[in-house]
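**Q** Each chain is listed here by its residues.
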Amino acid sequence: MRPLPTLPAAFLKPSGELLPAPLLELRKQRGTALVDMPLPTRRTENWKYSSRYLKLTEDLATALPMGGSASNNLATPGYKVVFLNGIVVPEASEFPEFEGLSVQRFGDLSTEEATELAARLDSTLNSKFAQLSLLNTARFEDGLLIRLKPETIVDQPLFIIHEITAGATGSAYPRIFVDAGHHSQITLVEEFISDGSGAAMINAVIEFDLADSARVTSIHLNMEGNNVQHIGATGVRQQRSSWFESHAVGFGGPLRRHDLMVRLEGDGAECKLNGVVVAQDRQHYDNHITVEHIGTNCNSWETYRNIAADQSHIVFNGRIHIHQDAQKSNADMSNKNLLLSSGAEIDTKPELEIYADDVKCAHGATVGQLDKESLFYLVTRGIGRRDASVLLTMAFINELVSEIPIEAVRDTAQVRLNQFFDQAFQEV
Amino acid sequence: MLSIKNLHASVEGKEILKGINLEIKAGEVHAIMGPNGSGKSTLAQVLAGNDAFEVTSGEVTLNGENLLEKATEERARDGVFLAFQYPVEIPGVSNLQFLRTSINTLRKHRGEQEMNAATFMKLARDVSKQVDLDPAFLKRGVNEGFSGGEKKRNEIMQALLLQPSLAILDETDSGLDIDALKVVSDGVNALRANDRAILMVTHYQRLLEYIVPDFVHVLAGGKIVKSGGRELALELEERGYGWLGIREEETADASAN
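Protein chains in written order, with our numbering: chain U, 11 to 438; chain Z, 771 to 1027.
FYI, nobody ran anything at the bench for these hints, they're computed from the structure.
Ideal placement from N, C-alpha and C gives every residue a C-beta, glycine not left out.
Each hint should be verified, as a subset may be incorrect.
Below, a sample of chain Z positions facing chain U; criterion: calculated Cβ distance under 10 Å [unchecked claim]:
1) Q815
2) E844
3) R845
4) A846
5) V850
6) F854
7) P861
8) G862
9) L866
10) Q867
11) V912
12) N913
13) G915
14) S917
Could you build the full structure based on these sequences and the hints that come with them?
**A** Right, dumping it as structure tokens:
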């Protein structure tokens, strides 16, 4: 039997030394553990539909150049930290000065703080389901530790812009850890963008640790260009009565893989996970979501809508794991998919593992096309077939887009969605 | 206005319309009556351009232009309006967005300027009230959660808003209680105009008490078997379809809608 392809060794050679010793040590440990890691293939269950899009060639292992100027013009009504090729650009950022909130680069942490952080990194993620998030831990050059003291209610959203300027070929590994004290509240917006046309890969990991009754809203806009592969993971751990809400809008690319893992550990913890994905041409997008119900009386709601045009391929995998002692769990998962062309592909799979007996678990997945009857109704009122198709396609995701709690972000998403509609319906 | 000559149409290979001939002039109101399955709704759908139905022969002209070669949206822009028997619910598209897109598309086609939001809102509110619909419905999804009667009133509201030259009303009276029937009828009567034709398709004579037609046609087995004035409807009411030699059950299976 032919040996499985492994991660090229060059990926395990981080370049910068900006980090405090305990984090350098962690990085080294992870790197050692990943030597000879087999790359996912179509036989790897959680990469079955996506491994063929993953191209971790040796030249991508090079770190993308540091420096350069951030060029985005995104509306960011709030605090802002800009990562360029995985490294924070202080000049382009507006760090918050707000009582109870601290946002520190990893390089600015004391040895004690770094030791504590090193022990917590990866703690929210299940590496069995997000193998490649470990690569981030072996490679990050920079990162943010965001801490909210108990009862701190942050007054404005914090925007984190991840920009890739790919003149050269290479990769970037931004890392964020959010420690939300009890009864604290924050809204965090991550926007991923790129310019340039060089082949690039971004491997971004963010973790949220929510103490009792903390409330965190995470907004995630994935908008890089067709030259950028994106491998991302979001890990969430929730204590008693905490609330985590995420709004993800993703646009397809050569490879788009996002793992979202939520652990409802404390009793009464709740999460609401909304997502919209659109893809066109030969683009790909893969969302893998895991919600683990561990405490009692926890609620989770997942609503994902995917639209695949042309020859694009969208994957949705929704796993709900209700542990034995998680009585009175309520889990609700809905995934609806719209195929705009006969050449498009959608693979959707619910995975339920239920070990408690007193639970409510509802799930539904549909794949369909634009409703002919609705289309006819609209055109009998003079609306052109193309405009009618756009109206109906937008209707499919309107509800989720309108739930994004920040207007400027909704607008950013809508502008991109309109571009998608313009292109997706050119031929109609 | 509308001229239908020897129109044949079928659905999934089954012929439903078997040679319809009908002339409708501007200013006239025509009622087409007939038992279930006679082809009434098919005629309405074919005129509006539903491609689930195949026109196998015959011709239809609107103001001298070949209607059948035009796409549904082009017919609408030329002034054809179909009030559906079963209006579809479209969650996620607001009535407001839908109606504004529609009216502005029609205006653009006529070389008129787009209507601004404020003017449109005023107009939309006015016509809503005319059919007794709470204008708050404008913010909801198209027909979303509407009762049967609300859906019918919404259809007439759209006709009032879009001011078509040919309004085709498909079973607009079905499922309406007497109060709603009056509201809808008032709306349709408000549409009557010298430059507009109205074609009503109905199973019952009841609607014609409120909207008095100039002509009544009886459709059976895909053909118009009798035409007359208003009194024909009354005669049908009294004597049923039997005296015309029509057996309802025989044609019921041909119902396409």
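**Q** Give a verdict on every hint.
**A** Right, here's what the structure says about each hint:
no.	hint	result
1	Q815	holds (9 Å)
2	E844	holds (8 Å)
3	R845	holds (8 Å)
4	A846	holds (4 Å)
5	V850	holds (8 Å)
6	F854	holds (7 Å)
7	P861	holds (7 Å)
8	G862	holds (3 Å)
9	L866	violated (12 Å)
10	Q867	holds (7 Å)
11	V912	holds (8 Å)
12	N913	holds (9 Å)
13	G915	violated (14 Å)
14	S917	violated (18 Å)
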